[in-house]
Amino acid sequence: MVSALYLIAAALAAAFLLGLLKEQWRGAAYAVTLAALAFMIWVSAGWLWAFALEGAAPVEIFTAGAEPPFAINLRMGLAEAALTLLINLTGLLSALYLKDALSRLGRRALAVLLIAIMALCGIVLTRDVFNLFVFFELIVIATGGLVLLSDDDHALAAGFKYLIVSQVISVFLLVGIIFAYHATGTLNIDGMAGASLGLKTGGALAFFLMFIAVVAELKPFPANGWALDIYESAHPAFSAIFSAATGAAALYAVDKLLLIGGADWLPVATGIGLVTFVAANILALPQTNDRRLLGYSSIAQTGLVLAVLGQRDILGDATPYIAFGLLASHAVAKAGLYWLSGLVAGRALADWAALRNRPLLLFAFVTFICMLAGLPPFPGFYAKWELARFLAAEGRLALLALILFGALVEAGYLFRWLGYLIKREAPAAETACTPHQATAVFAAVIAGWALGFVWGDLSGRNNLLLVLPLLFALAFLLLEWLPAWTKNTLAIAGMVGWFVLTWTEYDPLRLIFAVIFLIGGAITLLASYAAHGRRIGFYPSAMLMYAGMAMLIRATDSFDFFAAWELLTVGSYFLILRGKHSEPHALSYILFSLGGAFLILAGFALAAQGAPHFDIASLGQLGQPAQPLAPWIFLLLAIGFMTKTAAIGVHIWLPGAHAEAETDVSPMVSGILLKAGLFGLFLLLMTMGRQRLYGIELTHALLWIAALTALLGNLMAIFQEDAKRLLAYSSIGQMGYALFGLALMNHLGWLMALMFVINHYIYKAMLFLSIGGVAKRTGTREMYRMGGLIRMMPLSFIPVLIGIIAVSGVPPLSGFGGRWIFYNAIMTAELRLPLVVIFLAGPIAFLYLFRLIHTIFLGQLKDEFRRVREAPFWIVLPQMIYVVLLLVFAVVPGLALRHVDAYLNRFFPEGGLGWTGPAITSSYGYWNPIAIMIVVGVIFATLLAWLLFVNRRAQKVRQFNIVFAAERPFRPETTHYAWNFFAPYRKAMGFLVQPFVTRFWETLTDLLHTAGDLARRLYDGNGQSYAFHFLAFVVAVFLLRGGV
Amino acid sequence: MIKRFIAFLLLIAIGGIFATLLIGYTPDAELNLTARYYAERTAADLGSANIVTAIVVTYRGLDTLGEVTVLFLSAAIVGLVLAGGRQRTPRPRAPVGELLTTGTRLLAPLIMLLGVYVFVNGHLTPGGGFQGGAIVASGVLLLLLADPLRHFSHGLISAIESLAGVFYVAIGLLGLLLAGGFLDNRILPIGTLGDLFSAGAIPLIYSLIGLKVGAEFASMLASLSGTEEL
Amino acid sequence: MQFEWMKIPYALLTLFIVVNFGMLLGAFIQKIGARVGRRHGIPVWQNHIDLIKNYGLRSSITHGTMFYLGPVFRLSGGVGLLLFVPTIHGSEMFSNLSFAGDLILALYFVFFGALGMALGAGESGHPHAAIGVTRGLSQMSMAELPFALATFSIALQYQTLSITDIVAAQQGGMLNWTLFTNPLAVAAAMLSFLGSMMRPPFDVVLAPQEIPIGPPTEYHSSYLALMQTNRALFPIAKIVIYMNLFFGGAASWPVFFFKVFLIYLWSAFVGVVFPRFRVEQSIRWFLVWAVPLGVLSILLV
Amino acid sequence: MAHLAMATGFLLILVGFYGALTNRNILRMIVAFSIADTGVNIVIVAVGYMRGRSAPILDSTVSAADALARIIDPVPQALVLTAIVIGVGVTALMLAYAYKLYEKKRSLDIAKFTELKW
Amino acid sequence: MSMLMTAMTALLCVAMLVAALVAIRGRSLPIAILAAGLVSLVASVLFLILASPDVAMTEAAIGSGLTTFLFFFVLGRVRGGEND
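Chains as they are written, first to last, in our numbering: chain A, 15 to 1058; chain B, 39 to 268; chain C, 1161 to 1461; chain D, 3 to 120; chain E, 88 to 171.
Worth flagging that the hints you see were computed from the coordinates, not collected in a lab.
Heads up, some of the hints might be wrong.
A short, non-exhaustive set of chain D residues, derived as facing chain E with CB atoms under 7 Å [as the list claims (entries may be wrong)]:
1) G21
2) L29
3) I37
4) Y51
5) T93
6) Y101
Calculated pairs, BS3-like style, for lysine-lysine (alpha carbon to alpha carbon, straight line, at most 30 Å) [as the list claims (entries may be wrong)]:
7) A/K36 with D/K102
8) B/K41 with D/K119
9) A/K876 with A/K1001
10) C/K1167 with C/K1419
11) A/K113 with D/K102
Beyond 12 Å from chain B on every Cβ pair, some chain E residues (computed) [what the hints assert, rightly or not]:
12) S89
13) L91
14) T93
15) T96
16) V105
17) V109
18) S115
19) L116
20) L125
21) A143
22) R164
For glycine and all other residues, C-beta sits at the position ideal for the given N, C-alpha and C.
Input sequences plus hints: build the corresponding full structure.
Laid out in structure tokens, this is it:
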């Protein structure tokens, strides 16, 4: 191995050599610089290889032929190798990216860049505090120089502000160092740690000064105004270094100092880190400048890693895995984003829409955002999981909660940005991207995925990037050039194939979900044949969602479950985002989903109590430390799952998300995706069952929530003018019913929930397709603008008619089965009041469904739709399949249900159904679906036949052959009663559907925004104020520590 | 006014921290571990009479390398910053006094020589590369003052600076290859304590530092003086 | 409770009896109303004549598929409802087709007809038809609630969902009737009954004055005949359920006729006394008076 | 004596900070910082001072053998050397910035360079 | 000797503080710069007393000498800016 000293020597030698070259030899100077950086990468990569794969021991590098503490020494270990590699790579790529600017400024700028990278390596390598100071000063000066690379005038002022604060910082650092030296007689970090500095006179204070100075390099809140200005105004390639490499090096410096400070200072680090993380994220919310936003995000991420470092007392050996996971995600993503920002002409977030015309760059952006948000399969995801596991095990729950809160806020602005990118108007200007710039960006993309693989490999769990469904989904990224129908065929084949491969593994309950997820998914995909072109982005997203679901039902370990959960969330998010006006709705979807996911994460972490692997099945038999927490765990998981099923209170994302989605996407996200939440609730209740919290039976609370969800979902549905929103609200209500069944905690309740799972899938997919087809043809979703379409689109009408009967639970269709089981189930219910609410909800379903069928298909046909054609074949075909399925399921529900009924005996041996003969019997009543179907069918057919016979010569009247108030209408608009259809109902019950929940969440987000907006006034742009902030920060930490 | 008041309050708090340090401070009666090592071993191991020099050049040589780099950086950046400014043809200025010109011609070489003396003897007497370098630079300064329009050979300064730097690093690496580690001075014979040619590579390194520091200061001064009055 | 082919003619017999009874009853009530208003009123067989006449008429027009299907749904709902409920307690003959399902089936099958009505009216393209339907549905959604609550209450009370079993449990004296064993539930259900009969004060749905051509009037000739049949049949079918659930059922046809008549009279009586409600008023009325009774009955059972 | 020097050093730091925080003129801020730097240097040297000992240079008066008992701690001095040089580097850089800033706005008022904020 | 040295030290310290106050509060910028240079210069004397000849030389040459020149170079080029 080449000594790590060459990292420093090579950079310096090259920098000095540059001075010998003539100013004109720009190419040569550039080449020397790149060569030096490449050499440095080679050195650190070599070490990383040796440590990581060959298990080499860390190496101490002595200088001057003397041992520490008498001479400065460096250390090269795994962490150092990794960090220097990160730094050098960032340096090289930024140098590539900066080619033009560097050439303009010449060799001196190249030298400054080289020295900056060298100094960063130095910070990482050195084990001497004063040496650390020297390297820090080098960074300060080099930063002062590199800021000037920017074309932005303001960079100058920013650089000066930075220098001001750095001066103050360096004073503290020096004073701290000298007193630390005085107390311990050494400048060596390990020596100081060994001499327990804190115990010496003045030692603690000296440490405080050193510590606070080095922490200041992490730009802690609120002492970070200067850094933000730099982020905003510097050249993006430099900001990439400043964010990724400088941040990483400074963090490692703090980590080294914490060795000296010992356990006493860990909470301080955590506190500073956490406050920074949360505050910076909130401050980022109102930002509109992309680079400043990234700056806030960088600060936040660094704060998070600092907080993690402060938790090393409980994280122990896992600290590097977690800290590096977070750091690497942050560094790669942030560098990548900064590089990307150089390609975007405008500085407003919405200007990034320019990237939309470049799918590859868009993919890069998405990768980075997902990395930052800690989504699988990136390292941040594994790190977050482990972090939560440890924090929960040690009961540091407030910490965990704050971290998750901060992460959610961060996801908020990141995904809002992503939404802008994909949905906003793209500026006319073409995005210019030189090969150099592209190299840098895509190197980051590759690094991101590679790190994801490595972290998966190290996790000791399933490497997500080796899981077949996910790989299958990702493969569609490579197949994007194929036409949509080919991809569609592949996708369907893949899903059916996976089902065939795995179906034997499932128990009856899972089998039902598997059929809905995979086979059901394949059927909805049939509708996608209607799309033309390549449909870029659709298949990776959709398949990601399905992959998540496929993984979800197979998961036994809590980690696998959670990973699958996140994957399906991300996939569905992108899917929803494809809708024309879905930007805000997709955002609220992902935020609620992530919020829910975080609750699930916390719940699992609490349950595992630090165990590295936690089987979901063992939620039922929690160990001792977790046992008293069981109700809390239950609560967290339940709320988490309920965000997916859109229970009341966390439902506001659903209507927009489902309504604005594309025609073939709505059935997927409504008919299929919602079932993932139910699946989770099934698992939860199966394992944990009843829990009491403060004397409240939690399943009873669920009953109430479910009943209210059913009622309010239905009520809101009847007041919608938008057909797809109506269906979406109806889904909320239906999910309420299913949840109600589950919460009943008896055999039939669960069976009913399952019945709803199946029914809701079939009829909601069917209705969404039908209405989607209509909306596609008419170009509107406002029901009052339609009318009389039965004549134009009879095939689309049939599913709606059948669907109406099924949804409202009228015999003989399958909805009735659900109601019948429901009544039998509530016979043994413990709580009767919520039943009243559910009863009330029942007939309301009828109202909105009638509205759906009447205002769209019946009534008066509008002039502009006289030439509307039937929906495309591929959209009608799956609807017909659903009609058949619905009829079959209505006649022989036992096909699916009797197996599940038997399976449920495991949990509730009592109260099963009897399946002998054609009638289904319970202990209270009986039901003969076949007989009902025959009786109703015969009566119906007889009457119809007679009527047809009698009126066989009847002619169809013309549209306006009606009279009212002694006038004949001639405009369809005036005679189509459709708008505000249930006006009297609104008068009577409207008070129940005031948007209280929406207002609550809006107020909450407004509050956050306002808080961020007010707090950022702190950064008034004056360099002196920033120095004030730093001093105030020092004093505050000092006082909070109780005077050290 | 409020700003001053807050500044005052903050500084009182900081002053409190400092006061605590001051009160807690008791001078060492004995040399501590590190200092004792230097006192006992420097002469024997490195052969340098000036222990501070020995520390600066070898034991903490990496710091010094960094320090030189700081100057290098500063000079480069000052050059960068100012090079970006407007380039106007210099206005003719009032001629500098005869006395200054003559005096400069006489003094400048002497000053530079003094500088060289200081850094060459760095391992024996107080002073060394930095001080010597600064003195050399003040010679340059004098020349600048005497003849503001004199075109300084940036090329020469920069070549000296670069060569000195490269050699510095090279010697350091030689230490790594031939002796105990990076910047180990024992690649050359240690010699007798007190001789000019003793202490191994220390005089050599310190001279390079002196040259480099001198060149860097000179280039900084030249850059600043080269800027146009606005 | 198995299916036998013999059940079919018996069921048709029941149907025949009930339709005739329903038409007579309707005419009788009208007659009473007229006499109270010092008018002569219609002959009691007027309904029969109308019906036969209408069945005989042919229509030469149709508004479309759903226009056909509306009355079919409507009458299917009525016939189905009647046949899914045992008419005469203890009589295998007149247990009809109740083997197909229990109380829940009856409860939900009520909607089948309403749905058809709504669809058919919608197809007519007449705005007033739609208004009438929205009113009807709105009111029904709340009016049915107390009944559902009451039903659930007595299902809990008797621990069964089988109508036959519920009737059986009420035999052996008037005091065994639900009316006396669970008066709250019965009160709630009877209030609900008023709403579902669409008589005053809950008849704004039909609103002969405000909506001169509501859903029924778009239908004529044989369409109307089906509707008329249903109008005769459906109230009786509903009352049969009430009778079975709350008033001990009927062990023979005379008892059947008597009880149905009395229950029918209840709604007619209230209708004469009260003015008409607007839809939102009736919704609130049910919410304030009937629903709490139902809730109480559930909680107290 | 060391205490005295150290106290002075600390006071200089505080005075320097005060000057840097309250003067809006950029050049004055830089001046103030250079005073603070000097203060730090004095503190460092004062920390290494030991009463009654001589400079860490071996010559005729202090031989290698009795160095242990005669010289003061050389380390802080070595550190100060570095610190001074670094200080001047930073000062030079700030001066260059000051010049550049002036060139941009014809003003040295720090409060006028607040375009970037929030 | 020791008393004398202490007294001298005290004097130097006071001189430095006074010069420092002049530097930050003084009216004219050139005087402020000179005062700051003076602080450095006095400090170098103090370093000599504190048995640090190396530091003293450095401070004198760099801290008070070169730095002051740098200041004046820039000051000369920002005419009018000094009073902002």
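So, going through the hints one by one against the coordinates:
With a least beta-carbon distance of about 3 Å to chain E, the hint placing D/G21 at the interface is held under the 7 Å criterion. Interface restraint check: D/L29 against chain E, minimum CB-CB distance 6 Å, threshold 7 Å, status holds. Of the supplied interface hints, the one on D/I37 holds, with its beta-carbon coming within about 5 Å of a beta-carbon of chain E, less than 7 Å. This hint holds: D/Y51 has a C-beta 5 Å from the nearest C-beta of chain E, less than the 7 Å allowed.
Annotation: D/T93 was flagged as interfacial toward chain E, and the flag holds, the nearest CB pair being 6 Å apart, inside 7 Å. A distance limit of 7 Å between C-beta atoms decides the matter here; for D/Y101 the minimum to chain E is near 5 Å, and the interface restraint holds. Only pairs whose Cα atoms come within 30 Å are accepted, and A/K36 paired with D/K102 is accepted, the gap being roughly 26 Å. With a C-alpha separation of about 19 Å, the suggested pair B/K41 and D/K119 falls inside the 30 Å cut-off, and the hint holds.
For the hint pairing A/K876 with A/K1001, the CA-to-CA distance comes to about 29 Å; that is within 30 Å, so the pair holds. Of the pairs offered as hints, the one joining C/K1167 and C/K1419 holds, with about 24 Å between alpha carbons and a cut-off of 30 Å not exceeded. Pair hint A/K113 plus D/K102 holds up; C-alpha atoms about 24 Å apart against a cutoff of 30 Å. Residue placement check: E/S89 keeps its beta carbon more than 12 Å from all beta carbons of chain B (closest about 14 Å).
Every C-beta of chain B lies more than 12 Å from that of E/L91, the closest at about 20 Å, which supports listing it as non-interface. No Cβ of chain B approaches the Cβ of E/T93 within 12 Å, the least distance being about 14 Å, so the stated non-interface status holds. Distance check on E/T96: its Cβ is at least 14 Å (rounded) from any Cβ of chain B, clearing the 12 Å threshold; non-interface status holds. Every Cβ of chain B is farther than 12 Å from the Cβ of E/V105; the closest lies at roughly 18 Å, confirming the non-interface assignment.
A cut-off of 12 Å between C-beta atoms confirms that E/V109 is not in contact with chain B; the least separation is 18 Å. With a least beta-carbon separation of about 19 Å from chain B, E/S115 lies farther than 12 Å from that chain, consistent with its non-interface assignment. E/L116, annotated as away from the interface, keeps every beta carbon of chain B farther than 12 Å; the closest lies near 16 Å. Here E/L125 stays apart from chain B, with its beta-carbon at least about 18 Å from theirs, past the 12 Å limit.
The Cβ of E/A143 sits about 8 Å from the closest Cβ of chain B, inside the 12 Å cut-off, so the non-interface label is violated. The Cβ of E/R164 does not lie farther than 12 Å from every Cβ of chain B; its closest approach is about 5 Å, which violates its non-interface assignment.
When held up to the earlier numbered hints, the structure conflicts with 21 and 22 and fits the remainder.
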